[in-house]
Amino acid sequence: PPQTRRVWELRKAGLGSLSNVPGDAKPVACIEDTAVALEDLPDYIADFEKILT
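Residue 170 is where the sequence shown starts when you use the working numbering, and the numbers rise one by one after that.
In case anyone wonders, no lab produced these hints; they're calculated from the structure.
Remember, it's a predicted structure, so these values are computed and weren't measured experimentally.
From the three backbone atoms N, C-alpha and C, an ideal C-beta is built for every residue, glycine too.
Heads up, some of the hints might be wrong.
Unchecked claim - Think about it this way: if two alpha-carbon atoms lie no more than 20 Å apart in a straight line, the pair counts; the simulated SDA-like pairs of lysine to any residue are:
| hint | residue 1 | residue 2 |
| --- | --- | --- |
| 1 | Lys195 | Ala182 |
| 2 | Lys181 | Pro196 |
| 3 | Lys219 | Asp193 |
Said to hold, decoys possible - Ranges between beta-carbon positions, derived for each pair:
| hint | residue 1 | residue 2 | range |
| --- | --- | --- | --- |
| 4 | Pro170 | Asp193 | 36 to 42 Å |
| 5 | Pro170 | Thr222 | 35 to 41 Å |
| 6 | Thr222 | Arg174 | 31 to 37 Å |
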């Protein structure tokens, strides 16, 4: 379906952007794809941000 194709294109573009960071610092791949129920998304984001900081 067109929407699925757009999601995969966005993911591919995002990965390319991450690998083209200028300078010596490079991103570390630690999270792949996740799926979260919409009603759980705010808590998921808050918990994920705690992990990253």
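Please write out, lowest number first, the hints stated earlier that are contradicted by the structure.
-> Violated: hint 3 alone.
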